[in-house]
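J.: Chain by chain, the residues run as shown.
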Amino acid sequence: MNLLGALFSALPGAIAQGLVWGIMAIGVYVTFRILDIADLTVDGSLATGGATCVMLIRLGLNPWLALLCAVASGVIAGLVTGLFITKCGIPPILAGILTQLSLYSINLRIMESKSNQAVSVDKYSLLASQRYVRDISIFNPLVLLTVMLLILMILLYLFFGTELGSAIRATGTNQNMARAQGINTKFNTVLGLMLSNGLVAMSGAILAQYQGSADVNMGRGAIVIGLAAVIIGEVLFGKVFRNFFLKMLAVVLGAVIYYIVLQIVLQLGLNTNDLKMLTAILVAIFLSIPYWKGMLDAKKAGAKKEVK
Amino acid sequence: MLQVNSIYKTFNPGTVNERVALNGLDLTLNDGDFVTVIGGNGAGKSTLLNAIAGTFPVDAGSIILDGTDLTGLAEHKRAKYLGRVFQDPMMGTAPTMQIVENLALAARRGDKRGLKWGITKDEYEKYHEMLKILELGLEDRMTTKVGLLSGGQRQALTLLMATLKKPQLLLLDEHTAALDPKTAAKVLEISDKVVKKNNLTTMMITHNMKDAINFGNRLIMVEDGKVVMDVSGEEKKKLTVAQLIEAFSNI
Ligand SMILES: Nc1ncnc2c1ncn2[C@@H]1O[C@H](COP(=O)(O)OP(=O)(O)OP(=O)(O)O)[C@@H](O)[C@H]1O
Ligand SMILES: [Mg+2]
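Line by line, the protein sequences are chains A and B. Residues 1 to 308, numbered by my numbering, are exactly what the first sequence covers, in order. Residues 1 to 251, numbered by my numbering, are exactly what the second sequence covers, in order.
Where hints are given, some of them may not hold.
Stretches of chain B that chain A covers, calculated by requiring three or more beta carbons in the stretch to come under 8 Å of a beta carbon on chain A [as the list claims (entries may be wrong)]: (1) 3 to 16; (2) 202 to 210.
Calculated from the model, a selection of chain A residues having no Cβ within reach of chain B, i.e. all distances over 10 Å [said to hold, decoys possible]: (3) Leu3; (4) Leu68; (5) Leu164; (6) Gly172; (7) Phe237.
Worth flagging that the hints you see were computed from the coordinates, not collected in a lab. Even for Gly, the Cβ is constructed at its ideal location relative to N, Cα and C.
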């Protein structure tokens, strides 16, 4: 009972975290599923978004403008990775790692050489704060997060239905075909990476406000959490959620479920230090399932033939 | 009119794998020419088509299509003028996108792609009619993902996409090679129909001597990166498979 009670009171927080990371996970979806690139820039750009936003708010900038600047910082990070890939011929994974590594230094510079910078909700009118997550009021971050996510998902849904959005999708699924149809695949790869990292930085900016500080390590392993959200969403809702809007919704729900499960295992007494490993194992297992399933199906088909 | 002026292409220059694929190849196509291209494996046929399409830059020479110098143009920029169907059925379509979405992408070949809708209402009807021509029943599966289609269905769709917006030159690289004989014959027949209907200037690579003779108004043979035989008109009509095989063994 005690456990359930504790869990219940932790639920709003878990949902809020899930929604914040849901924005990030949609960004990962754009690169991983649409562009077919595993972009590791995100570990850096999440923190860049957080750092940029917190420092600007501390300087007295309006939180919405600070958020906008944070998004811009992520877009630039995506641009750099994109140029590494398309102009320098660096393989995507390595390109992402290079940007991510340099972002670590850049983030420290943004945060004036401190690894952590606080932004208190007492001093500034933040967009979202975990302090109000159990309140029944308009200031509850769940309200803003839900509205923001809905708007974002509608905008992205519309965007990927345009000529430009379709060109990005074609680039991700078949570059040969895309070029033969006159699509500049390099440009679209860069554009997709910019969009993705803009979303990731936005997530980082809101996360930093939500927890009241930006930390240079806040993005460590972010890609894996993003992938976990994408994969959980696909495994649980993939069969029913077919259209792109619902697919994004699945990703967000995946992130929320991830954080709820996390809360549960934490309540059960799991050591926080083991979380990253557990996430990694979870993602590894889910990424392996399609491969194993393919092998198993092939075996079954083979066995059937022999019987005949 | 297509003018290919002594183009050269060497792969992996300066290494043990150095390979001269195009060796000063010259070729002029007149408007409306339907040329079948034959030649042994490794002769340079695909390399010729890829050079025209801009898959890679040529080492020397120039490629001019209807007065436009394509030589230095990036692949996606040349696409405006070209329709292409590849040997590999996987290469010509976007598998995770619907049949209509693929067609809509093709309909905008060479156009600037902005924030207008990627596909409009009246396009659906237009494509429905076009797909009927293929007689493959694809018109009833317009929102099916292309990845679920067979190789033959994909090639037929790719052909439709390549010609949806009239190209100034159609490049077919053994586009029926991966298909079963019946489907191959069907796709070939559709190709012929489309080419004739639109009076398209076309190059079609094939290893089938009969097809090379039966289709088109002109036949060229490529060997060692050069055109070694070029027949057209009445002379081509009189060609026999035996003669072509004879020509092969003479090289
Ligand atoms: N991308 C490449 N890298 C290295 N060598 C290549 C490349 N493409 C073609 N070649 C070489 O260039 C030569 C010509 O190849 P090409 O593909 O044009 O032949 P082809 O006439 O199309 O033959 P096939 O009938 O077998 O398709 C071959 O020796 C081939 O090995
Ligand atoms: Mg070839």
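J.: Run every hint past the structure and note whether it holds.
T.: Checked hints:
Only residues whose beta carbon comes within less than 8 Å of a beta carbon in chain A count, and the stretch 3 to 16 of chain B has 0; fewer than three means the coverage is violated. Three residues within the 8 Å Cβ limit are the bar, and the stretch 202 to 210 of chain B against chain A gives 0, so the coverage statement is violated. Against the 10 Å criterion, Leu3(A) stays outside the reach of chain B, whose nearest CB is about 44 Å from its own CB. Residue placement check: Leu68(A) keeps its beta carbon more than 10 Å from all beta carbons of chain B (closest about 20 Å).
Its closest Cβ contact with chain B, about 5 Å, brings Leu164(A) to no more than 10 Å, contrary to its assignment away from the interface. Consistency note on Gly172(A): stated as away from chain B, yet its beta-carbon is not over 10 Å from all of that chain's, at 8 Å minimum. Residue-level check passed: Phe237(A) sits 18 Å from the nearest beta carbon of chain B, beyond 10 Å.
Taken one by one, the earlier hints fail for this structure at numbers 1, 2, 5, 6, listed in ascending order.
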